[in-house]
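Just so you know, the sequences run in chain order A and C.
Reminder that position 83 of the first sequence reads as 85 in the working numbering, one-by-one numbering, no gaps.
Reminder that position 137 of the second sequence reads as 149 in the working numbering, one-by-one numbering, no gaps.
I should point out that these hints are in silico values taken from the structure, not numbers from a laboratory.
Hints are supplied without guarantee of correctness; some may be wrong.
[Said to hold, decoys possible] If you want the footprint, here are the derived chain C segments under chain A, 3+ residues with CB under 8 Å:
hint, segment
1, 23–30
2, 62–72
3, 110–123
4, 128–134
5, 157–168
6, 227–239
7, 269–277
Cβ atoms here follow ideal geometry from the backbone N, Cα and C, with glycine treated the same way.
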Amino acid sequence: MDNYAYRKFKNRIFFVLSFICVIVAVIPLLSILFEVVVRGAPQLSLGFLTSLSSEGGIGPAIQGTLILIGLTSLIGIPVGIMSGVYLAEYGNNRFATWMRTFNDLLTEFPSIVVGITVFTILVLSIGSFSAIAGAIALSFMLIPIVARTTEESLKLVPNSVREASLALGVHKWRTTVSVILPAAKSGLITGTLLAVARIAGETAPLIMTILGNQNFFLGFAQPMDALPLRIWRNALQPSAAVQAQGWGAALVLILIVLGLNIGVRLASRGRLR
Amino acid sequence: MNWRLSGDNLFKTIATILAASAGFILFITAYTLLTGSTPILQRFGLYFFTGTQWNPVPGREIFGALPYLLGTLVTSGIALLVGVPISIGIAIFLVEMAPRTLRVPISYLVELLAAVPSVIYGLWGLFILRFWILDYIEVPLSNYLGWIPAFSGTPFGLDVFTAGVILAIMIIPTVSSVSREVIQAVPDSIREGAYSIGATKWEVVRHWVLSYGRSGIFGAVILGLGRAVGETMAVTMVIGNAIGPAAIPTSFFKPSQTMSSLIANGFLEATPASLELPAYLGVGLILLLLGLSINVVAHVMVTRVLKIKGGAVE
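The shape of chain C in the complex, shown without the other chains (with noise of 0.2 Å):
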């Protein structure tokens, strides 16, 4: 090879080394997470994962993570059961069912929900969406239906209920859009022969375009539960910060902890030399590798679908 130095060669060089960025963040961020956290998983081994102690005391130090685990998975469990159902009637109204002026202005409203800072939705969750839920849910029913082990617990409006419901509205935007797109990439050829045996709209929806779409609108449902599960500032204002065995999600009306707002309230407090900080880098390598599985998955499958779509049209 005669490399030699011109603009095109410099340009080339400078653009793949830059481009190699993504990479580089991707490695250094699971190399610090996984040098970082060596000691605890060392020290604790299996105990890590499966334990419910937190205890930074020194010589009396024991970290298990489970609780938080438990947290994040069930927050956005709620989150999906609550959101996913919303989205996807958002979607199926934009495509098939909304007059066309309507189209732009409502999709525009939905994604404006994205463009609010977490922060705010913690606020808004702290001072507002707390005391709704408490009045016109919880309170009720805990009243009625409290001998449910699901619901039992004296309601207090920060808690694992109310933490779904913000995460709920908070990954409505990307479920909602995502699917839009899918259902948009259903062929016209098959609404018109649903139609032309006699399908009335809601029949061509439920029928034809949900289940041709069935894999990409799966696919926006794992996207949506990857943001859930990496969400941190409203959680972290809503979920009432238990820790230890008390953050167990028993209960909806139970105050819990996921493991980002486990980090995000402990981090600072917890003093460098300990066993404390790789323990909090554990929690974050746990919820990372959490994260990128969730992502790997959803990305394969919505390209996948929306590919389809590309060849299509091409």
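Excised from the complex, chain A in its bound form (with noise of 0.2 Å):
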């Protein structure tokens, strides 16, 4: 059968083809991090991770990535598992309905809006660029994720377990807190972390809040450096040596980024389904 033959091998044809699309995909991926380690990796060293720019170090630029995700996370967390907490166990109302689409918004939201809105706000009424409010820009990012993964594993926890806390006479709130957040424990970390480190890599949002800096962390209400920015700032310098510490810069944030995603996913393999 001459039909049947052609059927068969157009069936062949296109299995081929969509394994070629999953190469296409996985070349960049590929690419990226083989370049970032090659030309990242000579530069690594204690001095580079820890001296200032202008003696050719991505120090302060570390340091504020770290100043960052730990006051990111310090606000938009525990809002974040809050508000997740609201749209879980409280959520079967309108008002809820409304901020469960706010949140599926933000999370796509251009993240330069949120900058020059924080710009707009923060920045030009105290007169300042600062840690605080890239905080705060990354915060408007990081709680809509945050809100989302805490009701999607809050709602994972049966409602058998609810009922049989709330038989035994404890109060509703304490049961949340005691018995239904610990039992989503390891779906909220994961969760979060994942969150985290996405928000880690940003980095429209921190031009315009907190500038970069050539010094050490100065305050909160200083200008700062990030990774993110100085990756950018290096790559458009016309220097070779400059560009290379941007590429040094970059190994760093892959390093973090990457390490804490897939740290993540491989410590929650199989605990999560």
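Two chains, each in its own frame: build the complex with the hints.
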């Protein structure tokens, strides 16, 4: 049957084509990782990681990124988790439906828009670029993601667990804090850390909030450096040595971001499903 | 109502207030951009949306955002043209074709693409992808097809096309993972029915699975469009940063500018008292409205499709 052979051949062709799609998508990933490691690794040394940019290092940028991650988590995680608790535990009303939609919209928000908003309300009114403004801009992006993942992990906790606790006469808030949240712990931690990893590499909102700084941390109300900013600025410099420092900074950033990402996924594998 | 201060009430109140943060963030963003850009909208009115000049020099100020709006639309369009077929191919491979052992590692690798920070895409685009595209795509195309206006100009590598390609790579994880979920949500009975009348695997996918999941996949594509429209850093680093009428993307091989890259490049140089700052806020407002409307459409389409799945499972 000729027609049948042709159809089988077509089937084979499309199998190969769909596999080629996978290859095409994986090539950029491998190339990025390869280039970042090959061009960044020769830069790495204790001096590079700890010294000022005027001395050819990225110390302030690393410090700034860590401070930003910390501050953003401090603001964003509690708000995000409580917001997710509301959506999961009290969220059977119209207000919650709206907030859920808003959170969905915010997770896909153009990040630069958050940057110019925070610039206008904070930086302009205070009169100075600051680490706090950067952390608030990043929290605006972190809160919706954490709220959504919290809601999803709390919904995975079976209702019988809630009912059992309430039947024992435990208050609802106590049930949430001491029974539901611990039961959803692994999902919560995974989701939150993945969200933080996603935020850590954000650049656009930082341009107009923390600005960048040649020095180490000067205070929460002062401009600050961060790895993504340093990579961007160095990449656009004509000097090959400065560009190379940019690749070094990229390697450090990708180690932080992918390290968090892969580490969390490996650690939670099997426990989630 | 006899509301009294108890642990339960206090906890619920705090949670409610914090849950309202989503509304607060959305409101304050829209409000800030709207009030911030009022001066520019009052002064230039419709010209701000249809004009092409951009001159911040005091006394001769004129601001038209059309080239950057076009830049955003054209680069996102290229991203969809290149990225969507690849993403759907990946989704089909993962759900219908791949051996079970390959599924998890491959979907994991594709998801890692989403974890790479945008500035690193930009760095890679600026130093590596740019030359691949210049040598293997742009130079041949411009040699043989340079008479077509879309391929005119001297290829340089930092242009509309490179920006579109890098956006295509960046939307692949979003589009492919959502389409994968949509394809998985197609009931097996559909596939079984198709196989039973003798269809090959490809025919099942082509005629039954894809048409059943059509609206969900369309939603995935729109979601990808939303990502492409809002993306900033990678585009800023490879698009060549033209300004004014020169930024109108008349050819693929021409430096241009998107709304987000315009803001990223120029915002810090704007003097706060001038009209330049309101102009950037106005561009931000257009970007916000565009991004929000795209995501509302995507949201409605994707949730409607995946809800059907939820109902069928329970």
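Each hint, compared with the structure:
Requiring three or more residues with a Cβ within less than 8 Å of a Cβ of chain A, the coverage given for the segment 23–30 of chain C holds, as 6 such residues are present. Under a criterion of three residues with beta carbons nearer than 8 Å to beta carbons of chain A, the stated coverage of the segment 62–72 of chain C fails, only 0 such residues being counted. Given a C-beta distance limit of less than 8 Å, the hint that chain A covers the segment 110–123 of chain C holds, as 4 residues qualify and 3 suffice. With 7 residues having a beta carbon nearer than 8 Å to a beta carbon of chain A, the segment 128–134 of chain C meets the requirement of three or more and the stated coverage holds.
With a cut-off of 8 Å between beta carbons, the segment 157–168 of chain C has 0 residues touching chain A; three or more are needed, and the interface restraint is violated. Check on the segment 227–239 of chain C: 3 of its residues sit with their Cβ under 8 Å from a Cβ of chain A, so the three-residue criterion for coverage holds. Coverage of the segment 269–277 of chain C by chain A holds [criterion: at least 3 residues with CB-CB distance below 8 Å; count 3].
Going down the numbered hints, you'll see the structure goes against 2, 5, while the others check out.
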